[in-house]
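Start from the sequences and build out the full structure, keeping to the hints where you can.
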Amino acid sequence: MVKIKFFGILTNKMPKKDEKGYWVIDGKGKTIKELLDLSLIKEANVKYTVLVNNERKDTDYILEDDDIITVIPLLAGG
Amino acid sequence: MYGYWEKLLRINLTNHTFTTDTLDEKYLKLLLGGAALGAKILLDEVKPKIDPLSPENKIIFALGFMQSVNFPGNAKWTVVTKGPLTGSFLDSAGTGAWAPQLKKAGYDVLVIEGKSENPVYIFINDDKIEFRDASSIWGKDTIETSKIIKEELGDKRINAINIGPAGENLNPIACITCDGHSFAGRGGAGAVMGSKNLKAIAVWGTKQVPVSNLEGAQKLAKELMGRLHETAKGGGGTPDVMVPLEELGDVPIKYWRGDIWHHGAKMIGTPRYTSLLNVKSLPCQNCPIGCHRHINVTLKDGSILDGNGPEYETLGMLGSSLLLDDLKAIASANDKANRSGVDTVSLGSYIGFIIECYESGFISEEKIGMVPRWNDEETLFFLEDKIIKLQGIGSIFRKGIRGAAEIIGQGSSSIAVEVKNLDLPAHDPRAVYGLAVNYATSPRGACHERGNPQASALGLFYPDCEMDCPPERFDENSAGYCAYIYQNTSMLYNNLTMCKFMVNNGGLTITEIGKELKLTTGIDYTNMELLKTSERGIALQRLINVRDGLSRKDDTLPPKMLQAAIIGGRAGKSPIGFNNMLDDYYKLRGWDENGIPTAKILEELDLQDYIPLLP
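Chains A and B, in that order, are what the protein sequence lines are.
The first sequence begins at 1 in the numbering used here and counts up by one.
The second sequence begins at 1 in the numbering used here and counts up by one.
Don't read these hints as lab results, they were simulated from the structure.
Misleading hints may appear alongside valid ones.
[As the list claims (entries may be wrong)] Taking CB as the label site, the calculated pair distances span:
no.	chain 1	residue 1	chain 2	residue 2	range
1	B	K587	A	V24	48 to 54 Å
2	A	K42	B	V371	45 to 51 Å
3	A	D26	B	K7	57 to 63 Å
4	B	G139	A	I68	56 to 62 Å
5	A	K42	B	Q563	36 to 42 Å
6	A	G29	B	D524	32 to 38 Å
7	A	K42	B	K156	39 to 45 Å
8	A	I68	B	P55	55 to 61 Å
9	A	N53	B	N477	25 to 31 Å
10	A	T11	B	G409	30 to 36 Å
[As the list claims (entries may be wrong)] Pairs of lysine-lysine residues, derived as DSS-like cross-links and limited to a Cα-Cα distance of at most 30 Å, are as follows:
no.	chain 1	residue 1	chain 2	residue 2
11	B	K156	A	K47
12	B	K233	A	K13
13	A	K17	B	K518
14	A	K5	B	K532
15	B	K573	A	K20
16	B	K515	A	K57
17	A	K17	A	K42
18	B	K266	A	K42
19	B	K518	A	K47
20	A	K57	B	K219
21	B	K515	A	K47
22	B	K156	B	K219
23	B	K233	A	K33
24	B	K389	B	K367
[What the hints assert, rightly or not] According to the in silico footprint, chain B covers these stretches of chain A (three or more CB under 8 Å from chain B):
no.	stretch
25	7 to 18
26	49 to 57
27	65 to 74
Even for Gly, the Cβ is constructed at its ideal location relative to N, Cα and C.
As structure tokens, this is what we get:
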């Protein structure tokens, strides 16, 4: 299983959350993109960056068991 | 040290002479450059409590290592001086190819001293330094000035930072611009240049600074450029945040008295901004993000405005803060401010202040010269003109908004929204409590760039810097920490002289910045060691504040910030526990209860040399 959390203005685009705010899903062997496509993140129309275990990864990265995925919106003004 | 020339160019305007000094490698490693290194030099060389507009003041331009190769976001320069609004530490940053060119000319730092008898501009051409007569460009606007200098020097590639007529007139909100495209906007650095009769500094360089692993650094730079561009492409620039920030209650409305402005935000934010103003992205050199907006729009008088469009801060302070939803009027006022060389944030604050003072009966129509109104382009244009020229009602701002409130009297200071005489930018601290602490403690006065807590409200945070999540925006117990950590990261970008949008909009991580540093200098820094360079810079900047007489009594919030909204994204919220938040922040910084750095923290930060300067 992997844990995913969206932050800030993306939070309400997560399909579900446990008591700690994570979306827990069987993601082993899947790419980040495949999992994000299951969410409503595209509706937000906001750029974002993805970290896996606190290290930035491209969305074609293939996940392993126990990975923790952090999705951070990239939207900043002056 | 690889990545640095270890060379400081010192220009004496009084004598029209120059010398070079060697920079101390110890402090290059401790501070990295930019605003931190500039603070050290200011602390070392400029006495406390001087008049910022006197020849005793110095102007310091400090780079980092980023300009060694074409790292994304490296077209960024920092100016450090004593600012005319606060009378104390000021750093301000702008973008433009001027920064990489200064590095290529062979310098890490430029220090300007004294005062020229007549208007002059400087041309740095590798080792050759020229003092050129500026009488033909004195009085010209920032864009014309740049054009004339390029023609005179015979090369369009030469970049010049310059001031407009506002800086020449010592307007305390005058800024310094690079080719009229980007602005070191806040705090009045343009007035300091004007006080020295210095119109512009042009630069051209041809050298490559030694780099530890040049091929590796260039390869990483190219990879990052591609990736960040792919991440950020198609974005609408800073106007993208107008609508989401209004929903959060972060946008200033009716000079900080309004609660919501849903319709107005949609009128001046994207996507309407993009279509109405015919926007194209306008990237700086070496920038994969392209946040600046080039616009081409026909104004109401039939003239065509082709140039820089208003950024979010301008939309906030000339738009929502004045309840003005006329995007063309805002764009026109923005262009005039750019050409004159004034900070649109403080400009908008002064206009809002005048309107409210009029409504409160503190100043008359006769004194102002018109009846000022909210959502009125005539008000905007009339008052902008007066403030830029410091004429008529504008003359009361010669010493900033505090000076104006003193002249008006009648309790008008309670209307002014400022900290240390620097006006609040377009982010409401009632929407993000960390911003309240940030504004109160920022060494240059109320600032959203020397600390970005407002970004935390949108969800930006740093998992690779021991953070699990962004602080909750209305949590009083984490507000001090919020200010602390977001100041540390912001300061890092200013030390590197790298545009923060590489991180905030491009997704660059602190870890990757460490890789850039390692390839350039050959030195390993952990992420927390990188943030420690920020802590050092902030400590030095605070020491300058303290020596200028500032302390906890000056780390305040404007009275309006304790008035909660009734409806909207920050309904019922205000940072009433501010004093406790400030205590938390001081503890994190290692300062005493008066906000004075202690000998202990200076020792921990390897700044023992500065312990004798403590009161």
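Outcome of the hint check:
1. B:K587 with A:V24: 48 to 54 Å: violated (37 Å)
2. A:K42 with B:V371: 45 to 51 Å: holds (49 Å)
3. A:D26 with B:K7: 57 to 63 Å: holds (58 Å)
4. B:G139 with A:I68: 56 to 62 Å: holds (60 Å)
5. A:K42 with B:Q563: 36 to 42 Å: Because 39 Å falls inside the window, the suggested range holds.
6. A:G29 with B:D524: 32 to 38 Å: holds (34 Å)
7. A:K42 with B:K156: 39 to 45 Å: Since the Cβ atoms of A:K42 and B:K156 sit about 43 Å apart, the hinted range of 39 to 45 Å holds.
8. A:I68 with B:P55: 55 to 61 Å: holds (58 Å)
9. A:N53 with B:N477: 25 to 31 Å: Cβ of A:N53 to Cβ of B:N477: about 28 Å, so the range 25 to 31 Å holds.
10. A:T11 with B:G409: 30 to 36 Å: Roughly 48 Å apart at Cβ, these two residues miss the hinted range, so it is violated.
11. B:K156 with A:K47: Roughly 35 Å between the alpha carbons, so the hint for B:K156 and A:K47 is violated.
12. B:K233 with A:K13: holds (22 Å)
13. A:K17 with B:K518: Status violated; Cα separation ~39 Å.
14. A:K5 with B:K532: holds (28 Å)
15. B:K573 with A:K20: Given pair B:K573, A:K20 holds - Cα atoms ~25 Å apart, limit 30 Å.
16. B:K515 with A:K57: With a Cα-Cα distance of about 16 Å, the restraint between B:K515 and A:K57 holds, given a limit of 30 Å.
17. A:K17 with A:K42: Between A:K17 and A:K42 the Cα gap is close to 18 Å, so the pair holds against 30 Å.
18. B:K266 with A:K42: Judged against 30 Å, a Cα distance of about 21 Å means the pair holds.
19. B:K518 with A:K47: Between B:K518 and A:K47 the Cα gap is close to 29 Å, so the pair holds against 30 Å.
20. A:K57 with B:K219: holds (18 Å)
21. B:K515 with A:K47: holds (24 Å)
22. B:K156 with B:K219: holds (28 Å)
23. B:K233 with A:K33: This hinted pair holds, its Cα atoms lying about 18 Å apart.
24. B:K389 with B:K367: holds (16 Å)
25. 7 to 18: holds (count 5)
26. 49 to 57: holds (count 5)
27. 65 to 74: With 4 residues in contact (Cβ-Cβ under 8 Å with chain B), the coverage given for the stretch 65 to 74 of chain A holds.
Checked against the numbered hints above, the structure breaks hints 1, 10, 11, 13 and satisfies the rest.
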